[in-house]
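The listed protein sequences correspond, in order, to chains A and B.
Residue numbers for the first sequence follow UniProt numbering, beginning at 1 and rising by one.
Residue numbers for the second sequence follow UniProt numbering, beginning at 1 and rising by one.
No lab work stands behind these hints: they were computed from the structure.
Ideal placement from N, C-alpha and C gives every residue a C-beta, glycine not left out.
It is possible that part of the hints are untrue.
Unchecked claim - For the chain B half of the interface with chain A, some residues (derived, Cβ under 8 angstroms), not all of them: (1) R103; (2) A106; (3) M111; (4) F113; (5) D115; (6) A119; (7) V123.
Below are the chains, spelled out letter by letter.
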Amino acid sequence: MFRYVVRRLLQMILTFFGATFVVFALMFANQDDPVQALAGEKPVSDSLRAQLTERYHLDEGFLGQYWYYMQGLLTGDLGRSLTGREISTVLSEAWPVTLRLSLMAIVIAAVIAIVAGVYSGIRRGSLFDNGVLAVTLLLLAMPIVVLAPTAQLVFGMELGWFPATASRNASFYAMLLPAIVLATTVVATELRVTRTSVVENLRSDYVRTARAKGLTPRRVTWVHVLRNSLIPVITLIGVDLGTLMSGALITEEVFNIPGVGLKLAQGIRNEDGPMVVGFVSILVIIFLFVNLLVDLLYAALDPRIRYE
Amino acid sequence: MTDIKAQIDVLPGTDPRAPLLQVNDLHVEFRTRDGVAKAVNGASFWLNPGETLAILGESGCGKSVTASAIMGILETPPGRITKGEIRYRGVDLLKLRGAERRRVRANKIAMIFQDALSALNPVYTVGFQLAELFRVHRGMSRADAKNRAVDLLDQVRIPAARSRVDDYPHQFSGGMRQRVMIAMALALDPEVLIADEPTTALDVTVQAQIMGLLAELQRQRNMGLILITHDMGVVADVADRISVMYAGRVIEEAPVHDVYARPGHPYTRALLESIPRLDLKGQQLNVIRGLPPALTDIPQGCAFNPRCRYAKDPCRQDPPPPAYAIAPRRTARCHFFREVLGE
Numbered sequence: 001m002f003r004y005v006v007r008r009l010l011q012m013i014l015t016f017f018g019a020t021f022v023v024f025a026l027m028f029a030n031q032d033d034p035v036q037a038l039a040g041e042k043p044v045s046d047s048l049r050a051q052l053t054e055r056y057h058l059d060e061g062f063l064g065q066y067w068y069y070m071q072g073l074l075t076g077d078l079g080r081s082l083t084g085r086e087i088s089t090v091l092s093e094a095w096p097v098t099l100r101l102s103l104m105a106i107v108i109a110a111v112i113a114i115v116a117g118v119y120s121g122i123r124r125g126s127l128f129d130n131g132v133l134a135v136t137l138l139l140l141a142m143p144i145v146v147l148a149p150t151a152q153l154v155f156g157m158e159l160g161w162f163p164a165t166a167s168r169n170a171s172f173y174a175m176l177l178p179a180i181v182l183a184t185t186v187v188a189t190e191l192r193v194t195r196t197s198v199v200e201n202l203r204s205d206y207v208r209t210a211r212a213k214g215l216t217p218r219r220v221t222w223v224h225v226l227r228n229s230l231i232p233v234i235t236l237i238g239v240d241l242g243t244l245m246s247g248a249l250i251t252e253e254v255f256n257i258p259g260v261g262l263k264l265a266q267g268i269r270n271e272d273g274p275m276v277v278g279f280v281s282i283l284v285i286i287f288l289f290v291n292l293l294v295d296l297l298y299a300a301l302d303p304r305i306r307y308e
Numbered sequence: 001m002t003d004i005k006a007q008i009d010v011l012p013g014t015d016p017r018a019p020l021l022q023v024n025d026l027h028v029e030f031r032t033r034d035g036v037a038k039a040v041n042g043a044s045f046w047l048n049p050g051e052t053l054a055i056l057g058e059s060g061c062g063k064s065v066t067a068s069a070i071m072g073i074l075e076t077p078p079g080r081i082t083k084g085e086i087r088y089r090g091v092d093l094l095k096l097r098g099a100e101r102r103r104v105r106a107n108k109i110a111m112i113f114q115d116a117l118s119a120l121n122p123v124y125t126v127g128f129q130l131a132e133l134f135r136v137h138r139g140m141s142r143a144d145a146k147n148r149a150v151d152l153l154d155q156v157r158i159p160a161a162r163s164r165v166d167d168y169p170h171q172f173s174g175g176m177r178q179r180v181m182i183a184m185a186l187a188l189d190p191e192v193l194i195a196d197e198p199t200t201a202l203d204v205t206v207q208a209q210i211m212g213l214l215a216e217l218q219r220q221r222n223m224g225l226i227l228i229t230h231d232m233g234v235v236a237d238v239a240d241r242i243s244v245m246y247a248g249r250v251i252e253e254a255p256v257h258d259v260y261a262r263p264g265h266p267y268t269r270a271l272l273e274s275i276p277r278l279d280l281k282g283q284q285l286n287v288i289r290g291l292p293p294a295l296t297d298i299p300q301g302c303a304f305n306p307r308c309r310y311a312k313d314p315c316r317q318d319p320p321p322p323a324y325a326i327a328p329r330r331t332a333r334c335h336f337f338r339e340v341l342g343e
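Input sequences plus hints: build the corresponding full structure.
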């Protein structure tokens, strides 16, 4: 177990450098004139330009800039955004908002996927199963760039059931519509995997044993089948974190939620290299840690897995 | 810890003088893509306390389906019991409602399966799976139930039961896993135990140990045992009576020694002749020609007629041969049983 964790951590370091390098390279290639981008239409004085160039090492080559950046990152200094704010400050303000949004989305998606997936699996071929199948197809076919504005328009404005936007300190209720929209990006696959897994497990011998033990169908399903069926679903939820992050970018933009996604989108638009790379680096670290956690949870669910 | 089993009346309306288990004219069908498969076509047999009945037959002859039907764990659909009755102490189990039927399982009639590795839930400890029975059926606390689980593992002679109770099925060897299965089946002191090929997946020495353990536990508890198998060797050692099944029907029923000495049905006779014997070393082994019939297309008359060397015209016509009483406590479904017996 210990050795497994150490090995995974070592792998994570490699992944981390690879990912940040790619993002840094992309931002670098996309940069036209960051100083001008910062100033907008206004002309930039030569002294200010020289000062900014000096501060951000803009006169260095690509590798030089990456070197300075990694130096800062590894000493806990994310640097300053081109707007002059400490990136760590921006991040610490934006992070709790996104954390809340994505946690809500994960829970909503998981609960719907597991409950509906299990019922679909038990009642294979029923009206409910076919209905769920149709809905998941619809969700899979609908990208979030369509779904988010549509949901905002219909439920936020036309029907007025939910607030159309959410602020930093939005109530649970105000956050609900964005969270549901975000959940739709992952709920369909999670549901399908749950259903398939339940169908497969229902056919297995241990279910026959459980029934021969005189257990109620409910206990057979929710105690014996469910835990076995969750093994692939848990893995998927970990992998889905990436989808949720990219989904958060659009959701936050549409609902004007000042979270990581919105800041990141702003950074990309403003060619704010330090900001984008800083944010993505942190996202990469989180993604890696959550996936490690998921793999460890996997072992808790399935005792046959031992990390040697 | 008092044994509260006696205080719980799991199934009201039973008659203690009625036979322990009686299956009458059981018919089971499966709906498949190729039509209706008639898996069981009028199986009948009975079982007394302390007695071992072996149900013998080739794969697909309906023996496992019959067992599932008795347990009430048949997949419905596609399976369907179309006719017949299964009486436990006089009560027809097929007429019980869901909850009553469920209480019969494990409490009165229990079952052990062929492959213990897949029959045990891989993600729970064996202790949990054993204790579950006491918690669900007896309402015991977790701690009490776990103690009972340890007792059970002791009874089936798993060494160091107290420490092994928290192990998972994959941490046991094949023989030990089958012992766990036996412990699970016997947890609530059932009166009928159905063992569906309990030793097929095990190697020969372990087979003997498991059969010995089963026989001993059966004696202690005066349990009726239905042993489903295709292994004639195992049958000769432990069974009191044999029911031979072919194409979903019991074609011969008799005390075990009578069958081995003088089979009353051509199929039984052919089965016995297909066992390799030391004294016939070097000679060609007798095998049964052809294959068992497809259950969607069972021949008219006697189902065995296309493969039978005694078959004559009456065998090819419906109705199929009745169960002739060929001797006291012996029946055979063959028009020509006298010829087969060699009288």
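message: Given A119 (chain B) as an interface hint, is its Cβ closer than 8 angstroms to any Cβ of chain A?
response: Holds, because the Cβ-Cβ distance from A119 (chain B) to chain A comes to roughly 5 angstroms (cut-off 8 angstroms).
message: For the restraint on D115 (chain B), tell me whether the closest CB of chain A is nearer than 8 angstroms.
response: 7 angstroms, holds
- prompt: Hint check: is the beta carbon of R103 (chain B) less than 8 angstroms from a beta carbon of chain A?
  reply: 6 angstroms, holds
- request: Return the status of the interface hint for A106 (chain B): holds when the least beta-carbon distance to chain A is below 8 angstroms, violated otherwise.
  value: Where the cut-off is 8 angstroms and the nearest Cβ of chain A is about 4 angstroms from A106 (chain B), the hint holds.
- prompt: For the hint on F113 (chain B), does the least C-beta distance to chain A fall short of 8 angstroms?
  reply: Hint holds; F113 (chain B) Cβ to chain A Cβ min 6 angstroms, cut 8 angstroms.
query: Quick one, is the V123 (chain B) hint okay against chain A at 8 angstroms, beta carbons?
result: 5 angstroms, holds
Restraint outcome when M111 (chain B) is required to lie within 8 angstroms of chain A by C-beta distance: 5 angstroms, holds
Violated hints are absent here; each numbered hint is respected by the structure.
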